[in-house]
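Undergrad: Take the given structure of chain F and dock chain A to it, following the hints.
Line by line, the protein sequences are chains F and A. Everything in the first sequence is counted per the working numbering, starting at 26 for the first residue and increasing by one. Everything in the second sequence is counted per the working numbering, starting at 7 for the first residue and increasing by one.
Please keep in mind that the hints were generated in silico from the structure rather than gathered at the bench. Treat the numbers as computed from the prediction; the structure is a model and nothing was measured. Built from N, CA and C at the ideal position, the CB exists for glycine as well.
Dumping the calculated EDC-like pairs for lysine to aspartate or glutamate here, alpha-carbon to alpha-carbon at most 20 angstroms:
| # | chain 1 | residue 1 | chain 2 | residue 2 |
| --- | --- | --- | --- | --- |
| 1 | F | 230 | F | 185 |
| 2 | F | 60 | A | 298 |
| 3 | F | 80 | A | 298 |
| 4 | F | 422 | F | 407 |
| 5 | F | 271 | A | 298 |
| 6 | F | 49 | A | 31 |
| 7 | F | 60 | A | 212 |
| 8 | F | 80 | A | 31 |
| 9 | F | 350 | F | 384 |
| 10 | F | 87 | A | 298 |
| 11 | F | 170 | A | 53 |
| 12 | A | 35 | F | 69 |
| 13 | A | 35 | F | 134 |
| 14 | F | 170 | A | 47 |
If you only want the chain F side, here are some residues facing chain A, beta carbon under 8 angstroms, derived:
| # | residue |
| --- | --- |
| 15 | 69 |
| 16 | 73 |
| 17 | 74 |
| 18 | 78 |
| 19 | 123 |
| 20 | 129 |
| 21 | 134 |
| 22 | 141 |
| 23 | 150 |
| 24 | 157 |
| 25 | 169 |
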Amino acid sequence: MTINLSEPEIYQKPQSDDVVLSVKGISKKFCRDLKRSLLYGVQDIASELAGRRGKTETLRQKEFWALNNVSFELRRGDALGLIGPNGSGKTTLLRIISGLIRPDTGSCEVKGRLAPLIALGAGFIPILTGRENVYTNMSILGLSKHEIDQRFQDVLDFADIGDAIDTPVQSYSSGMAARLGFASAIHTEPDILLIDEVLAVGDAKFKAKCYRKLHELRNKGISFIMVSHSSHAISTVCESAVYLLKGKQILSGDTLSVLNKYEEDAFMSASQKDLGFLHIPEKPEVESGGLDVVAVFFKDKNGEIIDIPVSGELTYLVLDCKITKQLHDVSLTIGVRELAGESRRILYINSSDDDLYLDISPGRCEIQVQMPYFGLGMGLYDARIAIRMEKLFLLDKIESFKFAVKNAKNQSDSMMFYQPRTWNIINK
Amino acid sequence: MGRRNKQLHDQSLNKRSPTIVYTPESQLKHPIQLFTQMWQDLLACRELAWQLLIRNISAQYRQSFLGIFWAFLPPIVTAIGFTFANNAKIVNIGATDIPYPAYVMFSMALWQTFSEAINGPIQAVTSAKQMLSRINFPREALILAKLGEVFFNFGIKLILIVAIFLWFQIPITWNIILAPVALIHLVILGTFFGLLLAPLGALYNDISKSLTLIIGLWLFLTPVVFPIPQGGGLAKIVQLNPVTPLLVTTRELATTGVVSNPSAFWIASIFAIVGLLLAWVVYRLAMPFVVERMSS
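Just chain F, same shape as in the assembly:
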């Protein structure tokens, strides 16, 4: 018996319409030239003190828009992801929301107490003990001594650093310090929590604990803004997202569509416009080894050429080749790395592992790799393909074939690889 279990777990969010954060048309300009930037700072202070400062829409020399007309709303108990490559203005936006810097246009309305998880252990003094630092750190975040006393044990339990709490922070490992910082920030019980890439710290066990805590806080009606350039982190926590690129708000809405757009754009900017289709100009005859790859692309189950293969579908990787002499014992290797992140090698296919050695006659031919379920998850990849004769003699190679993979429509969440499966229930 086979049943379908595709129904995703539905998240119970508090039914509430009140907006806790409303960002309307926020812009911010920055200057990369340090001396000039300081001078502009003094100018800004002067005009603020003269009471003349208002919204400014013109750029001074060497300035650029670090944020340009960004608007969104956050309701109580909601989680919003901010995504974009480095330098797209995510942190600047968080700093405006937390009131650290003033916007140049627009307005930002905040209801309730806001705690930044940007600042893990900001204000930790290395020679003081963990205990002393927790007290200072939590009072900087706005708690009274009495409130800290009440929560101290919770912080201690959460940070899980044991007796080290009474030793100076300079003797801590960076992971311990980060854990203590996270624990004290998260126990301030804010109304809005700003999380900036901080979940990257700590070991897997602590990370899991953090996510559980975040889940618990959300059930209490605390809202989040989470910044990351990893779409995975955002897709697990947030139901809506804002995509920023060079300060502009490219798209906002439900997480999946925003993430799709973000990943798509990341592919486009990856230098090659002909992503998923590589055409190779003909080589002079002296350079040819007898086999020249003319084009590399994908075909779907109907045999039609596609730019972006879909995770989990029947897909063919096709090498269109021109052969000029009789070849025997031809084998090929395909290595695939992810383009984002650490560019780890994800996949390695070697035809000789499959005991496949081809004999090919002169003319045009397509070498097809049939993949019944395309295993790679949504993302951007770079393949390196080599074709050899008698395992050693290099006939031709493709240094870089970049392609994107998208999720199937019925796929509820993003994942790193597709697991083909069937479901069974066996009655005993």
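TA: Just chain A, lined up with the frame of chain F:
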């Protein structure tokens, strides 16, 4: 039931946390709102300031072998130097109300307190750069904590001062009770200058460098190692120096009990107090722009 709990939670949220709106508009356009916020922040940051004060002081003494001895050392060293110079007739210093070494040590302790008050805000902002650029806490807390430190350091110097008074058997009057008032005004004056310079000082390190020079020069335009000069070009400058009446009055109240120039004292005090309030507004308005530009 659940709904009711949520309402209660909502109420507590609203009570605890008012809505804040950030706009590009100059905050001076809404002065009443600005002053209310300044007052609220000042009240709200007392506890934080206390925490910071404890943190700063314990960090300061934990990393020091000589500890509080550093509070005594500068006045003693200066006194020894000037007493030698005076006795050897290298410098010609007029007659003082109290024995000269005691005069220099006591005055130096007061001067040091004043210069700590000037340097305090700039130091506080510079050393808290990382915190300032990441967390939005009432910026007044840094200044209050630093003021606490200034008074704490003076408290330690008080041990030295009491020792001097006993050693030299300096007579005191009941007016010594009023001396702290004058001292507070002296600290207010220092904080006024420091607070005014703090935002700029966080941007340009020229400020703190030139301040060191200026304070060094200023010492010799204030009757610290010499009595108030009578006549001459220096006398004019010393008279116009706002530190003179405040420092001299503190010293007079603590020793002779006779205030020589009360009107100058009150003019300088009003100058200091009004100045401090203005500097507070400047500091508060300027800080977001400083945070924006400063390197953290």
